[in-house]
Every structure is written in structure tokens, then in C-alpha cells.
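**Q** Chains as they are written, first to last, in our numbering: chain H, 1 to 354; chain D, 1 to 182.
These aren't lab readings, by the way, just hints derived from the structure by calculation.
Bear in mind the structure is a predicted one, so any value in this text is a computation, not a measurement.
Worth double-checking, as some hints may not be accurate.
Mimicking DSS-like on lysine-lysine, the simulated pairs with C-alpha atoms at most 27 Å apart in a straight line are [said to hold, decoys possible]: (1) LYS7(H) x LYS105(D); (2) LYS289(H) x LYS228(H); (3) LYS167(D) x LYS152(D); (4) LYS108(D) x LYS270(H); (5) LYS108(D) x LYS7(H); (6) LYS167(D) x LYS140(D); (7) LYS172(D) x LYS159(D); (8) LYS297(H) x LYS267(H); (9) LYS220(H) x LYS126(H); (10) LYS126(H) x LYS289(H); (11) LYS3(H) x LYS172(D); (12) LYS108(D) x LYS267(H); (13) LYS140(D) x LYS171(D); (14) LYS7(H) x LYS152(D); (15) LYS267(H) x LYS167(D); (16) LYS172(D) x LYS153(D); (17) LYS140(D) x LYS267(H); (18) LYS228(H) x LYS126(H); (19) LYS152(D) x LYS171(D); (20) LYS3(H) x LYS105(D); (21) LYS3(H) x LYS108(D); (22) LYS289(H) x LYS274(H); (23) LYS7(H) x LYS22(H); (24) LYS140(D) x LYS108(D); (25) LYS140(D) x LYS152(D); (26) LYS80(D) x LYS3(H); (27) LYS172(D) x LYS267(H); (28) LYS7(H) x LYS153(D); (29) LYS233(H) x LYS192(H); (30) LYS153(D) x LYS228(H); (31) LYS267(H) x LYS22(H); (32) LYS153(D) x LYS140(D); (33) LYS233(H) x LYS126(H); (34) LYS7(H) x LYS172(D); (35) LYS153(D) x LYS171(D); (36) LYS228(H) x LYS192(H); (37) LYS274(H) x LYS233(H); (38) LYS233(H) x LYS267(H); (39) LYS172(D) x LYS140(D).
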Amino acid sequence: MGKVLMKGNEVIAEAAVHAGCKYFFGYPITPQSELVAYMARRLPEVGGLFLQAESEIAAINMVCGAASTGVRVMTSSSSPGFSLKQEGISYLVGSELPAVICNIVRGGPGLGNIQPAQSDYFQVTKGGGHGDYNIPVLAPASLQEIVELIQDAFDIADRYRTPVIIMGDGMLGQMMEPVEFGEYSEPIGQTKDWATTGTRGDGAPKIISSLELDAESLEKRNEQLQEKFALIKEQEVRYETYEIADAEYILVAFGTVARITMNAIQKARKHGVKVGLIRPISLWPFPDKPFIETRNKVNGYLAVEMSAGQMIEDVRLAVNGCAPVGFFGRTGGVVPSQEEIYEKIMSFAGGLPV
Amino acid sequence: MLEEIIIAGFGGQGVMSMGQLIAYAGMLEGKSVSWLPSYGPEQRGGTANCAIVVSDELVGSPLVTRPTTAIVLNNPSFDKFEPRVRPGGLLLLNSSLVVRASGRKDIKVIEINATDLANDLGNSRVTNMILLGAFLEYRKIVSIESIVESLKKVLSPDKHHLIDVNKQALKKGASLVNIARI
């Protein structure tokens with residue numbers, strides 16, 4: 001197919017189709033509406049089904065229904081709409097159903113605005129809905145990486161019977177870059193013997209449910225879920241580092257912000273400041289390893305986010321008091337510029353409080 | 001080579017498509033490119049802009065705050081972006097609509113009455129292509145041929161009859177920069 005120039009939202013949709021997703025239930029909201037529109041046109045072409053639900057709540061419950069039959073299914077939204085999906089997401093976890101959910105984050109809280117933000121970090125990584133749970137969260141930084149991570153997301157969802165969240169921001173959804181869709185094939189040997197596709201009289205009825213009225217039994221179920229989360233924490237960590245080998249200071253940023261910091265890092269290095277970047281790709285599980293490897297060598301870390309400071313809490317946990325952790329963030333849909341990040345690097349490296 | 005461009009004007013002046021054509025042409029020539037639109041609650045007639053990065057290396061930030069080139073199609077965009085052009089950079093103005101003059105001595109300023117010239121060509125909507133032709137003649141980041149190639153891919157077949165006038169506009173813009181150099 002070669003390289004094509006596409007919008008981020010469209011890349012998410014096409015990558016999902018490539019990964020075998022034939023079902024999409026959603027409700028339009030800026031800045032991810034192109035994703036919904038693309039699916040409306042594209043899914044009928046591959047024999048799939050697109051349905052615009054009457055609300056985000058209806059859409060996530062349709063996802064629950066479709067996922068129960070074992071098909072690859074996706075929904076997407078942006079912050080206020082994503083909040084509405086939380087009850088259904090908790091049900092997906094409780095019922096152990098695989099699905100992929102995209103959140104193209106915009107400025108909040110409340111209705112906020114439609115500009116890029118990362119202020120749903122807590123919501124996606126710490127639960128968001130009710131009950132004891134975590135969901136794998138993948139945060140692409142480029143449109144080509146979207147293609148890889150959407151495929152990974154569907155594979156992880158099936159492997160662990162869990163919903164997986166793709167978190168981007170409005171900038172990632174709206175921008176265009178060349179992308180290439182490679183050949184994809186589903187992992188072999190995965191049978192969904194739990195799927196409610198009918199017993200044809202040859203076994204017990206299959207039931208998908210998150211209800212367990214007996215306390216002891218629900219505790220047992222929670223223990224099983226926790227074992228699963230522990231396994232995901234061990235197996236599904238993803239991150240990238242940039243120029244950290246000799247770094248005295250390390251920036252921490254994810255998604256599009258990580259790209260902006262790279263320009264600032266290049267400029268700071270030209271001015272003699274040895275600075276590098278850790279870019280978490282999986283926000284949960286958070287990549288502790290690169291921090292453990294560097295925390296006794298560097299002079300400090302600087303978390304850069306489009307929020308008032310959310311990921312920084314995970315950075316502090318990973319650094320575990322071994323080095324100072326500074327913060328620079330913009331909120332409300334304001335994107336930090338490479339110039340102001342550069343200024344922060346220079347003052348942080350100069351020993352000034354950030 | 002790293003070119004960070006901002007194109008700004010009224011909605012409907014073809015600001016977004018100009019940027020997309022540069023990105024598309026860059027991709028065809030094997031360069032790294034990104035295109036990022038401003039996407040606030042914009043409306044027809046309001047201001048619109050997009051940022052394009054064309055680079056030999058992987059594009060870092062798709063967001064451009066200090067452009068190496070600003071192409072400005074109206075007065076409000078001049079006020080916003082003229083001060084932001086990087087020293088040594090290029091400010092390309094549509095002087096048919098921009099009545100301000102830049103006092104900056106540290107950048108190259110090219111003024112072209114593109115809307116008038118587009119009307120002379122019989123189609124005011126190719127204003128953007130005259131400016132694009134001029135820009136690419138001055139800063140040869142992609143070839144005009146690649147832009148024409150991109151037009152064939154971006155325009156739906158029922159609009160292909162417009163390729164000719166777009167080509168004329170690109171050439172017109174390019175020729176004006178040649179004259180300015182002599």
C-alpha cells in the first residue's frame with residue numbers, strides 16, 4: 001500500500017480495521033469525530049458494523065454486548081464522553097471482556113474546551129470507574145506508532161481478556177503524517193471458548209457477568225483479577241529512551257509532548273546540558289525500570305505534561321526519593337512550546353526551582 | 001534540512017490545503033513531514049492556520065511556535081505571526097490583503113499581490129497557489145512537480161480540470177520571485 005498521508009483519528013480507525021476490528025459503537029465528539037466518521041464509511045466495506053449510539057453510555061454497553069460474543073470491537077471518545085463510559089468500562093473489567101477504547105483527550109474539567117490535553121491521566125491509569133482494577137493504557141507519540149499500538153492493544157485485550165485504552169490528545173487526532181499499514185495477522189492458537197456464541201446443546205450455558213453476590217466468592221474473583229494485573233505489569237511494559245546514556249538530567253513525557261521535548265533536548269545539548277528523555281508508552285503498567293536504572297546516576301528528573309501534574313506521581317514512585325523530580329505543565333488545552341521547555345531545562349539544570 | 005512553516009489567513013483562502021500539499025509533496029520526495037491544523041471553534045471567515053514541518057530527519061515537534069517561514073494571507077495573521085518568524089527566516093505576504101509592512105530587518109520579506117494576480121488568472125481561489133509557487137521558488141524544500149503530483153492525488157477526479165489553473169498559478173508565483181531576485 002505504501003505511505004499515505006492521513007489524520008491521526010483516521011489512522012486509529014484504519015489501524016483497527018487492519019487489526020481485524022469489525023465492530024464500532026460510538027458517539028461523535030471533537031476532537032475525535034473523524035474517527036467515528038471514518039468507521040461509518042469503512043466498516044461496511046469489510047463486512048463489519050458501525051452504529052452511532054444515542055449516547056456514550058449506550059455505546060460502551062453495546063461494546064460489552066459485542067465483546068461477549070468474542071469479536072474484536074472498539075469505541076472511542078474524548079474526555080467528557082470518556083467519563084460517561086466509566087461504568088461500562090468497569091463492567092468490561094468485571095466481566096473480563098476484551099475491547100479497545102480510545103480517549104483523545106481535550107481540555108477539562110467539565111465541558112472544558114476542544115484543545116489538546118493529557119489531564120485524563122489519573123482517570124485512565126488509576127481506574128476511573130468503580131472497583132479495584134487497572135487497565136493497560138498505551139500512549140502513541142506519532143501516527144506510525146498508532147498503527148503498531150492499535151494492533152498491540154487488540155492482541156493484549158484478547159490475551160488477558162481485558163479492555164485496553166489508547167490515550168492520545170487532540171493534537172495527535174488532528175495532525176497528519178505519513179503512515180504505512182503493514183500486514184497484520186492475529187496471534188494463532190487463541191480460542192475464545194468463553195464467548196457466548198451458543199452451546200449447540202453440547203455443554204453448559206456460557207454466562208458473561210460481573211455480578212457475584214457472595215462476598216467470599218467475589219474476593220476470590222478479585223484475587224484472580226489481581227493476579228492477572230500482576231502478570232500484565234510484568235509482561236506489557238513499553239517505553240522508549242532518548243539520549244539517556246550520558247544524561248545528567250532526564251525529562252519524562254509521553255505522547256505528542258514527548259516529541260516537543262525532543263526538540264528542546266536537542267537545543268539544550270547544543271548548549272552543553274546533558275539531558276535525555278524517558279517516554280512511557282504504556283502509562284499503565286508504568287515503566288519503573290528505566291528510572292531504577294538511572295535514579296542513582298542523574299541529578300534530577302523533570303516531568304513535562306499537558307496537565308497540572310498527574311504522571312509526576314508515578315515518576316516520583318519510580319524514582320523513590322533517589323533524585324529530585326521537577327515539573328512543568330500547561331493546562332486547559334495550552335500546548336507547551338519547545339522554547340519554554342528549553343527554558344525549564346536550563347533553569348532546572350542551573351539548580352533553580354522549577 | 002529542517003523547515004518549520006506556518007501558513008495563516010481567513011478560513012476559505014486555502015490555507016489548510018496549501019499546507020497539506022507541502023506535506024504530501026514532502027512525503028512523495030521521501031522526506032519526513034507533519035501537518036498540524038489550528039482547530040479551535042473556527043468558523044468560515046474566521047482566522048485559520050496550520051503548521052507544517054519538513055525535515056530530512058524524523059520530525060520531532062509537529063507544533064511550530066517560531067517558524068522559519070510564515071506565509072500570511074490577511075492582516076490578523078500578520079499581527080500574530082510576523083513577530084514570531086525566526087531571525088534569518090522568511091515572511092511571505094499576500095499584499096493584496098495585508099496592508100501592514102514589516103519593520104523587521106533580520107528576516108527576508110517577500111510581498112506578492114496574490115489575490116489580484118489570481119483574479120487576473122480568472123480564479124481568485126488560486127491565491128494560495130501563487131504564494132506557494134513563490135515560496136517554493138525561494139525555499140526549494142520540495143519541487144513544484146511534486147506539488148502538481150500531490151494535487152492529482154488530493155483532488156477528486158471531478159476536480160482534475162482545475163489542475164491546469166493551479167499549475168499556472170504556481171508558475172506565476174515562482175516567476176515573480178525570479179524577477180525580484182534580478
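**Q** All hints, please: hold or fail.
**A** Structure-based check of all given hints:
1. LYS7(H) x LYS105(D): 38 Å, violated
2. LYS289(H) x LYS228(H): 20 Å, holds
3. LYS167(D) x LYS152(D): 11 Å, holds
4. LYS108(D) x LYS270(H): 26 Å, holds
5. LYS108(D) x LYS7(H): 32 Å, violated
6. LYS167(D) x LYS140(D): 17 Å, holds
7. LYS172(D) x LYS159(D): Within the cut-off at roughly 21 Å; holds.
8. LYS297(H) x LYS267(H): 22 Å, holds
9. LYS220(H) x LYS126(H): Given pair LYS220(H), LYS126(H) holds - Cα atoms ~21 Å apart, limit 27 Å.
10. LYS126(H) x LYS289(H): Holds: LYS126(H) and LYS289(H) sit about 19 Å apart, inside 27 Å.
11. LYS3(H) x LYS172(D): Roughly 31 Å between the alpha carbons, so the hint for LYS3(H) and LYS172(D) is violated.
12. LYS108(D) x LYS267(H): 24 Å, holds
13. LYS140(D) x LYS171(D): 14 Å, holds
14. LYS7(H) x LYS152(D): 19 Å, holds
15. LYS267(H) x LYS167(D): Distance of about 39 Å is beyond 27 Å: violated.
16. LYS172(D) x LYS153(D): At roughly 22 Å apart (the allowed maximum being 27 Å), LYS153(D) and LYS172(D) satisfy the hint.
17. LYS140(D) x LYS267(H): Satisfied, since the Cα-Cα distance of roughly 25 Å is no more than 27 Å.
18. LYS228(H) x LYS126(H): 16 Å, holds
19. LYS152(D) x LYS171(D): 17 Å, holds
20. LYS3(H) x LYS105(D): 41 Å, violated
21. LYS3(H) x LYS108(D): Violated, at about 34 Å.
22. LYS289(H) x LYS274(H): Holds - the C-alpha atoms of LYS274(H) and LYS289(H) are around 21 Å apart, at most 27 Å.
23. LYS7(H) x LYS22(H): Between LYS7(H) and LYS22(H) the Cα gap is close to 20 Å, so the pair holds against 27 Å.
24. LYS140(D) x LYS108(D): 15 Å, holds
25. LYS140(D) x LYS152(D): Holds, at about 21 Å.
26. LYS80(D) x LYS3(H): Violated, at about 34 Å.
27. LYS172(D) x LYS267(H): The hint is violated at about 38 Å.
28. LYS7(H) x LYS153(D): It holds: about 16 Å lies between the C-alpha atoms, which stays within 27 Å.
29. LYS233(H) x LYS192(H): Measuring from Cα to Cα gives roughly 23 Å; hence the hint holds.
30. LYS153(D) x LYS228(H): 48 Å, violated
31. LYS267(H) x LYS22(H): Distance ~45 Å between LYS267(H) and LYS22(H) Cα, so the pair is violated.
32. LYS153(D) x LYS140(D): The given pair, whose Cα atoms are some 21 Å apart, holds under the 27 Å limit.
33. LYS233(H) x LYS126(H): 14 Å, holds
34. LYS7(H) x LYS172(D): 31 Å, violated
35. LYS153(D) x LYS171(D): Roughly 19 Å separates the two Cα atoms, so the pair holds.
36. LYS228(H) x LYS192(H): 17 Å, holds
37. LYS274(H) x LYS233(H): 31 Å, violated
38. LYS233(H) x LYS267(H): Between LYS233(H) and LYS267(H) the Cα gap is close to 35 Å, so the pair fails against 27 Å, i.e. violated.
39. LYS172(D) x LYS140(D): 16 Å, holds
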